[in-house]
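Participant: Here the protein sequences line up with chains A and B, keeping their order. full-length UniProt numbering puts the first residue of the first sequence at 1, with every later residue one more than the last. full-length UniProt numbering puts the first residue of the second sequence at 1, with every later residue one more than the last.
Everything labelled a hint here was simulated from the structure, so no lab data went into it. Mixed in with the good hints there might be a few duds.
It does not matter which identical chain is used: a pair holds within one copy or between any two.
[Claimed, not checked] 20 Å max Cα-Cα, derived SDA-like pairs, lysine to any residue: (1) Lys58 to Ser170; (2) Lys39 to Ala119; (3) Lys30 to Gly116; (4) Lys58 to Asp34; (5) Lys39 to Pro145; (6) Lys39 to Glu29; (7) Lys30 to Asp59; (8) Lys30 to Trp194; (9) Lys30 to Pro118; (10) Lys58 to Val140; (11) Lys39 to Gly116; (12) Lys58 to Pro84; (13) Lys58 to Tyr115; (14) Lys58 to Asp33; (15) Lys30 to Ala119; (16) Lys39 to Glu181; (17) Lys58 to Arg175; (18) Lys30 to Asp122; (19) Lys58 to Ala178; (20) Lys39 to Tyr115; (21) Lys58 to Glu97.
Number of protein chains: 2
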Amino acid sequence: MEERVDGRKLRFQHRRGEVLTAATEHALEKGLDDLSLRKVAQSAGVSHATLVHHFASKDRLVAEIVDRVLAETLSVPDLPRDDPDPMRAIWRRATGERGRRYVRLFIAITGRAMYGDPALVDAVASSMRQRTELIAAGLVRHGCPEAEAQTVATSLLAGMRGLFVDLLTSGDEQRVNAAFEDLVTELERRVTGWASGS
Amino acid sequence: MEERVDGRKLRFQHRRGEVLTAATEHALEKGLDDLSLRKVAQSAGVSHATLVHHFASKDRLVAEIVDRVLAETLSVPDLPRDDPDPMRAIWRRATGERGRRYVRLFIAITGRAMYGDPALVDAVASSMRQRTELIAAGLVRHGCPEAEAQTVATSLLAGMRGLFVDLLTSGDEQRVNAAFEDLVTELERRVTGWASGS
Numbered sequence: 001m002e003e004r005v006d007g008r009k010l011r012f013q014h015r016r017g018e019v020l021t022a023a024t025e026h027a028l029e030k031g032l033d034d035l036s037l038r039k040v041a042q043s044a045g046v047s048h049a050t051l052v053h054h055f056a057s058k059d060r061l062v063a064e065i066v067d068r069v070l071a072e073t074l075s076v077p078d079l080p081r082d083d084p085d086p087m088r089a090i091w092r093r094a095t096g097e098r099g100r101r102y103v104r105l106f107i108a109i110t111g112r113a114m115y116g117d118p119a120l121v122d123a124v125a126s127s128m129r130q131r132t133e134l135i136a137a138g139l140v141r142h143g144c145p146e147a148e149a150q151t152v153a154t155s156l157l158a159g160m161r162g163l164f165v166d167l168l169t170s171g172d173e174q175r176v177n178a179a180f181e182d183l184v185t186e187l188e189r190r191v192t193g194w195a196s197g198s
Numbered sequence: 001m002e003e004r005v006d007g008r009k010l011r012f013q014h015r016r017g018e019v020l021t022a023a024t025e026h027a028l029e030k031g032l033d034d035l036s037l038r039k040v041a042q043s044a045g046v047s048h049a050t051l052v053h054h055f056a057s058k059d060r061l062v063a064e065i066v067d068r069v070l071a072e073t074l075s076v077p078d079l080p081r082d083d084p085d086p087m088r089a090i091w092r093r094a095t096g097e098r099g100r101r102y103v104r105l106f107i108a109i110t111g112r113a114m115y116g117d118p119a120l121v122d123a124v125a126s127s128m129r130q131r132t133e134l135i136a137a138g139l140v141r142h143g144c145p146e147a148e149a150q151t152v153a154t155s156l157l158a159g160m161r162g163l164f165v166d167l168l169t170s171g172d173e174q175r176v177n178a179a180f181e182d183l184v185t186e187l188e189r190r191v192t193g194w195a196s197g198s
């Protein structure tokens, strides 16, 4: 047993990325509230010393997990620029099995940011700003006047964010999906209006 | 000093409500993450024994604080049933100095519910359900077909919830207020449509 742990320790010595992945997986499953280096070490199958070697402290490890979750919930790598239905694609991705776990941790991180350190607030705010810009750019490609794009993007992103929270707490797929369809239908009406120049 | 503490202790002996108010105030200021009976006792000016006498445990105290915050962020006592502009009234109230503190704690509570005990999830979900019903009823009074009311209410509430999060993390009042105005303008367009029967 001792040998196996030592073997793992050696194997993970230069695998910082793998340890971070395991730690992120732990956080996705259990949240950040009860996260400790001891528990992460246990579930990642590495020694406490290895964790400390790579991440120095729990705060540093949490910061890296947060970075990774924000990057993941922000990126939409499987959305081609000319996706004809980007809103539904984002929604499907975020409410799928994998996406839902990330969104749940993102909401938990946002909650912590409310009373957390300024660095956490900045990270969440920066993530929202980037995603707003992405959506605003998409809206402009769909005919939205430049001057309105940021406002509409802020509203759309807020709507989706709020619906995620509703879905993850109420579990009421039918009502929340209907509200999302309503959001998209209203957007499509506006896109038609932009196209006709009204 | 000892006498003053004892005096306070006596005064608070039968004032469970006042202690809860002081504890809620503490949570509004500092959040729930680092909340301890010791800190609450200190900021409420009561003894640890008095707190335990009234609330038995930290979990029980937190549950009562959560109840109170949900009740407060849910209730809209200063909105008359026939308020001509209920959305803006809700927004003004929630983004005012007092409302903002409650909304901030509500968001933090929601974040905790993501990995928290089922009781907390149920409390948040129940709060959202009640508020959705309130808004749906208001929409029907404004001409919204009964069959659409819950969907539109879910979408509106999600939009506001998402905008609160954006406002409290980004601090970008101008962009978020513009997005809220966009939300209301779109709603007003729909109300006009309902009135004309289209």
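Participant: Each hint should be assessed against the structure and marked as holding or not.
Facilitator: Now the hints, each set against the structure:
In this homomeric assembly, Lys58 and Ser170 never come within 20 Å of each other (Cα to Cα): the closest approach is 32 Å inside a single copy and 26 Å across copies. Taking the shortest Cα distances, Lys39 and Ala119 never come within 20 Å of each other, neither inside one copy (24 Å) nor across copies (25 Å). In this homomeric assembly, Lys30 and Gly116 come within 20 Å of each other (Cα to Cα) both inside a single copy, at 19 Å, and across copies, at 9 Å. When the C-alpha separation of Lys58 and Asp34 is checked against a cutoff of 20 Å, the pair qualifies both within a copy, at 11 Å, and between copies, at 16 Å.
For the identical chains of this complex, Lys39 and Pro145 are neighbours neither inside a copy (51 Å) nor across copies (52 Å), given an alpha-carbon limit of 20 Å. For the homomeric pair Lys39 and Glu29, the shortest alpha-carbon distance inside one copy (12 Å) is at most 20 Å, but the shortest distance between copies (30 Å) is not. For the identical chains of this complex, Lys30 and Asp59 are neighbours both inside a copy (17 Å) and across copies (19 Å), given an alpha-carbon limit of 20 Å. Neither within a single protomer nor between protomers do Lys30 and Trp194 lie at most 20 Å apart by alpha-carbon distance, with minima of 45 Å and 46 Å respectively.
In the homo-oligomer, the alpha carbons of Lys30 and Pro118 lie at most 20 Å apart only across protomers (14 Å), although the nearest pairing inside one protomer, at 24 Å, exceeds that limit. In the homo-oligomer, the alpha carbons of Lys58 and Val140 never lie at most 20 Å apart, since the shortest distance is 42 Å inside one protomer and 51 Å across protomers. For a Cα distance limit of 20 Å, the shortest separation of Lys39 from Gly116 across copies, 17 Å, qualifies, whereas the shortest one inside one copy, 22 Å, does not. For the identical chains of this complex, Lys58 and Pro84 are neighbours neither inside a copy (43 Å) nor across copies (51 Å), given an alpha-carbon limit of 20 Å.
Taking identical chains as interchangeable, the C-alpha atoms of Lys58 and Tyr115 lie at most 20 Å apart whether they share a chain (18 Å) or sit on different chains (19 Å). Within a single copy, Lys58 and Asp33 get their C-alpha atoms as close as 12 Å, and across copies as close as 16 Å, so both meet the 20 Å cut-off. Proximity of Lys30 and Ala119 under a CA criterion of 20 Å is satisfied inter-copy only: 17 Å between copies versus 22 Å inside one chain copy. With identical chains, the CA atoms of Lys39 and Glu181 are never at most 20 Å apart, being 41 Å at best within one copy and 46 Å at best between copies.
Taking the shortest Cα distances, Lys58 and Arg175 never come within 20 Å of each other, neither inside one copy (39 Å) nor across copies (35 Å). For the homomeric pair Lys30 and Asp122, the shortest alpha-carbon distance between copies (18 Å) is at most 20 Å, but the shortest distance inside one copy (24 Å) is not. When the C-alpha separation of Lys58 and Ala178 is checked against a cutoff of 20 Å, the pair qualifies neither within a copy, at 41 Å, nor between copies, at 39 Å. For the identical chains of this complex, Lys39 and Tyr115 are inter-copy neighbours only, at 16 Å across copies versus 24 Å inside a copy, given an alpha-carbon limit of 20 Å.
When the C-alpha separation of Lys58 and Glu97 is checked against a cutoff of 20 Å, the pair qualifies neither within a copy, at 28 Å, nor between copies, at 34 Å.
Comparing the model with each numbered hint stated earlier shows that hints 1, 2, 5, 8, 10, 12, 16, 17, 19, 21 do not hold.
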